[in-house]
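Peer 1: From first to last, the protein sequence lines stand for chains S and U. For the first sequence, my numbering assigns the number 288 to the initial residue and increments by one for each residue that follows. For the second sequence, my numbering assigns the number 288 to the initial residue and increments by one for each residue that follows.
Careful, some of the hints might be misleading.
Pairs count within a copy or across copies, as identical chains cannot be separated in the list.
[To be verified] Each computed PhoX-like pair below joins lysine-lysine, with the alpha-carbon atoms no more than 20 Å apart:
(1) Lys-644 to Lys-555
(2) Lys-434 to Lys-830
(3) Lys-497 to Lys-434
(4) Lys-402 to Lys-644
(5) Lys-645 to Lys-410
(6) Lys-644 to Lys-410
(7) Lys-410 to Lys-457
(8) Lys-598 to Lys-410
(9) Lys-644 to Lys-630
(10) Lys-852 to Lys-410
(11) Lys-598 to Lys-480
(12) Lys-580 to Lys-457
(13) Lys-830 to Lys-667
(14) Lys-702 to Lys-434
(15) Lys-645 to Lys-667
(16) Lys-434 to Lys-852
Calculated from the structure, these hints are not laboratory results. Note that the coordinates shown come from a computational prediction; the quantities given were computed from them, not determined experimentally.
2 protein chains.
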Amino acid sequence: MEGPGLAPAESFRLTEQPQKDARRRVAIERVSPEIDGGGFAIKRVVGESVVVEADIFADGHDQLACRVLYWQGTEREPQSSPMTPLVNDRWRGEFRVSTIGTYRYTVEGWTDRFKTWRDDLSKRITAGQDVQIELLIGADLIADAAKRAAGGDSELLREWARRLHDSAEKESGKSIALEEELLPAMARYPDPKLASRYEKKLNVTVDRLKARFSSWYEFFPRSCSSEAGRHGTLRDCEACLPYIASMGFDVVYLTPIHPIGSTYRKGKNNSAVAERDDVGSPWAIGSAEGGHKSIHPQLGNLQDFRRFFSKAEEHGLEVALDIAFQCSPDHPYTREHPEWFWKRPDGTIQYAENPPKKYQDIYPLNFETPDTLELWDELKSVFQFWIDQGVHIFRVDNPHTKPFPFWEWVIGEIKGQHPDVIFLAEAFTRPHVMLRLAKIGFSQSYTYFAWRNTRQELTEYFTELTQTDIREYFRASLWPATPDILPQFLQVGGRAAFMIRLVLAGMLGANYGIYGPAFELSENAALEPGSEEFLYSEKYEIKHRDLNAEGSLRDFVARVNRIRKDNPALQSDRRLRFHDTDNPQILCFSKSTDDLSNVIVVVVNLDSFHTQSGWVHLDLSSLGLDADNPFQAHDLLSDGRFLWRGVRNYVELAPGSLPAHVLCVRPADSYGAGF
Amino acid sequence: MEGPGLAPAESFRLTEQPQKDARRRVAIERVSPEIDGGGFAIKRVVGESVVVEADIFADGHDQLACRVLYWQGTEREPQSSPMTPLVNDRWRGEFRVSTIGTYRYTVEGWTDRFKTWRDDLSKRITAGQDVQIELLIGADLIADAAKRAAGGDSELLREWARRLHDSAEKESGKSIALEEELLPAMARYPDPKLASRYEKKLNVTVDRLKARFSSWYEFFPRSCSSEAGRHGTLRDCEACLPYIASMGFDVVYLTPIHPIGSTYRKGKNNSAVAERDDVGSPWAIGSAEGGHKSIHPQLGNLQDFRRFFSKAEEHGLEVALDIAFQCSPDHPYTREHPEWFWKRPDGTIQYAENPPKKYQDIYPLNFETPDTLELWDELKSVFQFWIDQGVHIFRVDNPHTKPFPFWEWVIGEIKGQHPDVIFLAEAFTRPHVMLRLAKIGFSQSYTYFAWRNTRQELTEYFTELTQTDIREYFRASLWPATPDILPQFLQVGGRAAFMIRLVLAGMLGANYGIYGPAFELSENAALEPGSEEFLYSEKYEIKHRDLNAEGSLRDFVARVNRIRKDNPALQSDRRLRFHDTDNPQILCFSKSTDDLSNVIVVVVNLDSFHTQSGWVHLDLSSLGLDADNPFQAHDLLSDGRFLWRGVRNYVELAPGSLPAHVLCVRPADSYGAGF
């Protein structure tokens, strides 16, 4: 990204400069992106750009020159990239991040005496003024630059200065001064002696691509057995991998695989009393057989896990683990570190509560223990343990009930050693808390998507996530349902509702996931009316399902994932844009690549019961289309092809067949003969 | 401002706390007001409030307690003021500034274990749960608070803890725990051990009232002679004071009073060649008779100045001086400090230019001289010299052509010693530069008012200045005209145009000024069509005027200033609000005191040629009025009284008589029999 006309870092060494030199006249304000005054890093994936803007100005009327400085990792010498003026003293520059890890950036500006001099000179010459003295001044400026220049440039500029000096009295001096070739040569050797540098260095966390674009499949390993009634094993899970891979996912996320406590174990449907054969919740972690670094014996052992991990890799699937920092009463920590829990005056340990509700099978950790740092170290070692087994993606359970400083520290520590690790925050809580978790380091975040159903809700929420500063650090992960959340929309809307929500999740969100096989089998029985809990929730029992059941959405899911893989427009949320429709039951949005080489328009019938029709009103210019020429709309779901024209186009979507169009659009004349 | 329920600073000593304690769980974001990440101070005058807001939240579900901490001057111990929750984790607190100088403030939040415990307890009791252990936990919390408490409170809380502990098994324990009196007692002794404090202390510059509310009268002292043709003196100026005071101004601002250079002196109408008797521009400062610390001999001497200053004070007028840091070629600096100027290759000093325009009578100072700090010191001494003569208000000429760091330094130095000094920035330049000058310390700022004429222009501009963060640091000073600026609107609109612009300046701006007597005599002849220069500008010649000329706006000006003095609503811009009208030539806005005890509605006909009528649509609730009852509208300009009712009210304004209403409105039933 070294820009033309600016010195490569080698020729022009920048060092830390004192900011308070009395003569630094350039002011730098409102640098963007900057999260909370620079307190938090923005996020990018490898290959993306960071577009930096700032208000930069000085007293008086001198011309300015500005640039972005950026450092990869712990490099001491910055690279630089030129900034160009927009309007109203706003400047913009850009650099590309090419390596996983961290970058820092800042902005620098200085008065450009040469540019100022040259512009003034043109005006003087136009006004017919005597410019002899001005030409001598210019010769001095060029001679100064020659001293800063390297190699041949130095010689070139020195010669230029001499020629100009010697011709100052002659008519030819003017043309020498205004020679175009002088401009880039001078721009290569600016005099940043009095440059102002923005006082902060701002941080970028650079992740691998999967942090921005991923398709998750969540499942309970113990339900993978091929025989009804038998506890599934990790070996059984291996057998499920071809099925999952055939749907086109790239992450398999296992619910917790650790030993499960028996004290106060919950029975089916969250019953307070477990039957003898009840398997308990995988989130009630820990038993005499171990804690967060152990595997539930009925699933297998560490060797089985590593084998499963390799098999998954062979199918193009990366394994994500669920990390839930809480303990069953039987967890080894409760004996080895009773001080990590809240002790009650009667000597018992405080179980989890949300008064008046009680969760006796779970002990929360006490992060206000005097031994905090010892606790932090142990929890960090849990991540490290699974990283050592190959795991580089973690879905973190309820991070919003543990302190922010802990997450900031542990994610920083882990990513410092393993910058390719991805953390997904499973927090469904108040907006500022959700955002804070993303700011302090979580790579991806669950969202309110499950509860955003109407056109207005979806438009407002996803515009906020993708078109404000939030997009700089918060990467949404969209889940139509989870083992904890069966939304009303799915409970009542049947198979069509599942299709609608799948299309929305997969098209609105570059990151999305489903909880399977419940999802592709459209399981929608709730515990009771008004509840979002599943009836006979898999959290408390083993499920056995017919994956080939009629009506499975397996092929539809595969098609959605295929479309996501084939279309780079869908692999980022940055260029999400909503378009008007004249029927509130019809949602229309588009995504595109920066260069508009891939443009996808999605139209969804939000009503799972009725066919809906209406007109969509496309903002054609945002799609690279013009109103006068027809354009192709190739429906990647149905493989149908339409010829559309102009802003308004008609759609009709029947939930019983296909409730959505996913249209790849392009100007008609760009199509080959194949159309 | 010590709030109820929070510890006075004495009982609970706050010291600088380490921010990174692992157990500090509370996050504090988006503190407001905060200018550019805390880089600049907000401004207040004595007696005003600082309302502080922040997003404050923690992990989990604990109750929080939050407060504003603030320090006056260099005090080490803060005072505190409680914050209350608004919505969505936003908290608000407030403190009052009572002393000129500086304040600092920040925000603190902590999880309130007692409040959390008490709320949970209520829920448990409602659910009929056994709470014996909970009551023991509460007793411990109260006993802890007793240790932090002082004097009688300590004894009280200890006793409470004992009673609760002893009754934990009994029914009476519950009622002891929930006793209302316990709440304030516990709130007085919070446990801020794990409190999070916002990492920055934010600054407030507290000025005297005149920084917010002032009425300026600018004039050329040399034009004050009672005889045509004679150069006016400071003694002559004394004789003008009653005239100025009678119009109700409180600041008299003198154009520069220093010796004027003769080299390249400008003649009448800015002619490049001066006649023998031409007096030159007062801004071409410096001659053999002295520079910025000298008085032009034809005006008098320092003794005359001090005498004038005292006489002005007797008339309730404070003297403001014009400080223009530039030199005529004859200024002593040019000999004593040639290094403070740009030297050209031919050995001459660079005069001011805006190519191709040349200003040979002015040498700009070179702030990039290696001797910068010596130059800065000298310029500071200019302010100090006039402060020693009693001057505490400076109108600074063209500050935008001198470096920001210089102003930040010199204003900081001067106000550190003399916090009552007021600096007005005369910068008419690009928006960010104008705002930056205010951020770095100027107490008041000229604005674009002179070029904002239409309803839309005025509404947008003054909404931006008064209803965004800009209001925290930028105090507008509104001038309908200056010696440099005779706007088109005044050139063509006659006397009515001057009335319109006067009402707008005086009512929209708590700070405003006129350039007299040109203004009250409606002088409107421009140098040439399209120019904003006065014909026979007073900048280059002495004027002699008949102050009693027919048509003088003297009485009208006096009335406007009287209304400003009588109505506190007009003495601040913070509650400026525009109201709709159905005629774009009619502008309607209101100002009010915070408590709505004084509400002014201004309606102005913006058309200086035609009578305009229409309906104004008042936002009644912002005025403390309701739509069902009539309200009084007393026109303070005409002394007319109207009974208005509801949102829509009719107005008709004739520019030939009175182009504006300045209505004092109040509910009809609050009026006495006098109506």
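Peer 1: Compare the structure with each hint and give your call.
Peer 2: Hints, one by one, checked against the model:
Proximity of Lys-644 to Lys-555 under the C-alpha cut-off of 20 Å is restricted to the intra-copy arrangement: shortest distance 18 Å within a copy versus 89 Å between copies. For a Cα distance limit of 20 Å, the shortest separation of Lys-434 from Lys-830 qualifies neither inside one copy, at 78 Å, nor across copies, at 56 Å. In this assembly of identical chains, Lys-497 and Lys-434 lie within 20 Å of each other by CA distance neither inside one copy nor across copies; the values are 48 Å within and 54 Å between. Proximity of Lys-402 to Lys-644 under the C-alpha cut-off of 20 Å is restricted to the inter-copy arrangement: shortest distance 18 Å between copies versus 71 Å within a copy.
Proximity of Lys-645 and Lys-410 under a CA criterion of 20 Å is satisfied inter-copy only: 12 Å between copies versus 81 Å inside one chain copy. In this assembly of identical chains, the alpha carbons of Lys-644 and Lys-410 lie at most 20 Å apart only when taken from different copies (10 Å versus 79 Å within one copy). In this assembly of identical chains, Lys-410 and Lys-457 lie within 20 Å of each other by CA distance solely inside one copy; the values are 18 Å within and 94 Å between copies. In the homo-oligomer, the alpha carbons of Lys-598 and Lys-410 never lie at most 20 Å apart, since the shortest distance is 73 Å inside one protomer and 51 Å across protomers.
Taking the shortest Cα distances, Lys-644 and Lys-630 sit within 20 Å of each other inside one copy (19 Å), while across copies they are farther apart (82 Å). For a Cα distance limit of 20 Å, the shortest separation of Lys-852 from Lys-410 qualifies neither inside one copy, at 57 Å, nor across copies, at 51 Å. In the homo-oligomer, the alpha carbons of Lys-598 and Lys-480 never lie at most 20 Å apart, since the shortest distance is 59 Å inside one protomer and 51 Å across protomers. For the homomeric pair Lys-580 and Lys-457, neither the shortest alpha-carbon distance inside one copy (85 Å) nor that between copies (45 Å) is at most 20 Å.
For the homomeric pair Lys-830 and Lys-667, neither the shortest alpha-carbon distance inside one copy (33 Å) nor that between copies (82 Å) is at most 20 Å. In the homo-oligomer, the alpha carbons of Lys-702 and Lys-434 never lie at most 20 Å apart, since the shortest distance is 44 Å inside one protomer and 43 Å across protomers. Taking CA atoms no more than 20 Å apart as the test, Lys-645 paired with Lys-667 passes in neither setting, with 28 Å inside one copy and 70 Å between copies. For the identical chains of this complex, Lys-434 and Lys-852 are neighbours neither inside a copy (54 Å) nor across copies (64 Å), given an alpha-carbon limit of 20 Å.
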